[in-house]
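Trainee: Work out the full structure, taking the sequences as your base and the hints as a guide.
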Amino acid sequence: MTAIILYVAVIGSIAAWWLSRQRLMAKPWLEIGAAGETPGTGASEIPPAKLGLWVFLAVVGALLTLFVSAYLMRMHMSHDWRSLPTPPMLWFNTVLLLLSSLGLHRAQIAARIGWRHGIEIGLIAGGLSALAFLAGQYLAWQQVMEEGFGVATNPSSSFFYLITAVHGLHLAGGLLALGKTAYRTARGADLAQLRLGVELCATYLHFLLVAWIALFGLLLHG
Amino acid sequence: MSTASGHLEGVPAAEVEDVELYHPHSWVTKYVFSQDAKIIGIQYALTATAIGFVALVLSWLMRIHLGFPGTFDFITPAEYYQFITMHGMIMVVYLLTALFLGGFGNYLIPLMVGARDMVFPWVNMLSYWIYLVAVLVLIASFFAPGGPTGAGWTLYPPQAILSGTPGGQDWGIILMLLSLMLFIIGFTMGGLNYVVTVLQARTRGMTLMRMPLTVWGIFTATVMALLAFPALFVSCVMMMLDRLLGTSFFMPALVVMGERLSHEGGSPLLWQHLFWFFGHPEVYIVALPAFGIVSDLISVHARRNIFGYRMMVWAIVIIGALSFVVWAHHMYVSGMNPYFGFFFATTTLIIAVPTAIKVYNWLLTLWRGDIHLTTPMLFALAFIVTFVNGGLTGLFLGNVVVDVPLSDTMFVVAHFHMVMGVAPIFVVFGAIYHWYPKITGRMLDEAMGKLHFWVSFAGAYLIFFPMHYIGLLGVPRRYHEIGEMAFVPPSAHTLNAFISVMALIVGAAQIVFLFNLAWSLRRGKPAGGNPWNAASLEWQTPETPPPHGNWGREMPVVYRWAYDYSVPGAPQDFIPQNQPPAKAAE
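Protein sequences appear in the order of chains A and B.
Going by numbering that gives the first Met the number 0, the first sequence opens with residue 0, and the numbers climb by one from there.
Going by numbering that gives the first Met the number 0, the second sequence opens with residue 0, and the numbers climb by one from there.
Quick caveat, the hints were computed from the structure, so don't treat them as lab data.
Positions of the beta carbon are idealized from the N, C-alpha and C atoms, including for glycine.
With a straight-line Cα cutoff of 35 Å, these simulated DSBU-like cross-link-like pairs (lysine-lysine) come out: (1) Lys29(B) x Lys179(A); (2) Lys49(A) x Lys29(B); (3) Lys449(B) x Lys524(B); (4) Lys179(A) x Lys49(A).
Part of the chain A face toward chain B, derived, beta carbon under 8 Å: (5) Met0; (6) Ile3; (7) Gly11; (8) Leu18; (9) Arg22; (10) Leu23; (11) Pro27; (12) Trp28; (13) Ala33; (14) Gly51; (15) Phe55; (16) Phe66; (17) Ala69; (18) Met72; (19) Arg73; (20) Leu161.
Mentor: See below:
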């Protein structure tokens, strides 16, 4: 459970840092008056959707870290673990996901400077590479299957299918949001609204890229 | 900070355009697929209460079987285990968690922090409907071939998915796991709303340190739940794969009825770690909202400001953090490195410190207060007594050497029910009696309320005090029939029968409560906007019950904390949070 304890400690530290800036030493029974008369007391300016996404990422992070914890514990708790031949396809897929992340990064920059066409290109490039990543993961599954590792053959392969599936499902969810943003872009939606939508998609994709690199490292380790 | 234009940085404007189109117009969008947090809160509460009554009836069936051996033989051992499992899971997850966070969280957070609604109303609506589907899937398992799972509410593998356990090789366990996964998905949607609303949608002047403790409790519990529920989700997914696809995450090599199963090398301990990593925070996910609500009830009904507000906030946060490092105290009997046992016993006992601070602060709030023994206050006081009782036996069980002999006895059942069953449910009742006037505009009937309280309070003690005693005698838990055991004296059987009779009576008293809820809806005394003369913001809405959007045209501005009661020199014994300083002094 070390991985998840560390994860909770990191989240806890962020929460503690944030709380420490919220005047927890205030004596509210003495402070009477409207906002503005007491400093540093309002809500932050971050749009709710952005904060909502970060909270959601913290939850997904906990979920994935728990899979990592379970993986490591199961690996060391029994002597039946056989190392899984990592399909070379996964390296290629990693590059695809990296491209997807880059595409969305470009879309985000385009949104910042108000270049609509750039947003479209970035979203399409990002979306297609993410779809290609998912297709690549499916091929990797087939390769592992051909090596004789089914879902129930060994815990290493069970975890391989499980972890890639969980990551893939989260990416598929992100692609739905991306599709919605692309649709809005095509319909010529308000630029400020697009900027937020593209930024949220990009953040989510970057997160899934980092998560994938960590999970891929774990699979290589096992 | 004021800017040159007079606009306050990071603070929403006082006048938020109340767009007419924003309000729902049809009956369906208003009351069924509603995006109004208040309606969603009521939907959560009604669904949780309905499924809670199913769990109550299950406890009756178990008790009559235990209390009168041989008389109610239509309850088979398999059914007994199914009743245990469903009773436990429903009460802990589908009733208490859903009611405190989904019910009270939805209704109270926007009103208490001065928001128009939750920040993501559509996601919030989805949260309820997924919860409802989770409940329906759970109910469906009663009608599935083989019935619901009888694996015990902790669903320990390997037995949970073996043929010897009811529902293990049928639909029961599958539906249970599916239902839990749906519940967690639904909760996550709601949880995002509660957290972001508290952080981003507070009205002008509502600093974090001016929020009522109810909001602090629900907020902290939600953060914990968002981090802890994924552990249950991961466990459920992996067990589902073990059951359906024959993987070996949790399943060791086994021979069943002479036949070797395909599983190999899996670790039941892995499940226990994951389950309790969720399971222990879960105790505080239920307890923290209860702590918060009780603080508010006591303050209002004793007409005293809450003693040690800052300490109360810190204690809530510290308890939340500590609850993530105590999980293995549920696994003492599973065997572990003695140093780990020592570590987890120590962290467990340390939690008693912030908890004790809270209890002292409640008592000091009551000290020399103008205590009104209304029904909500009675329930709040009953909570304190019960929580202390349950907490003290928790100190026994937190020690490895005491826990090991007691772990398999009724002592654990009694401890758990006092601290996690009776205590929080008293808060639920207190909160309903307290906020029902805001929700419906009418008071609940006091006479029926008092009857409900005294029977539930006295009855709960008559059930669970003797249960501690028979636990100490060594009467085991989880047994379908105790039968003849040399160390169990005949008096223990008499006590068991007595406990069962009391359980039936306490259960019946809840019907009075339900009747009161329905009767008062039409015939209760009109409550007015603020019947308890409370200072917090939810009582200051322009209309009662508050309509969609809560505040009418103008958002409230907050000038003080939520606990200005009996302030010397003030004309009234309370000052509402939104009353400007100049007016208060008049």
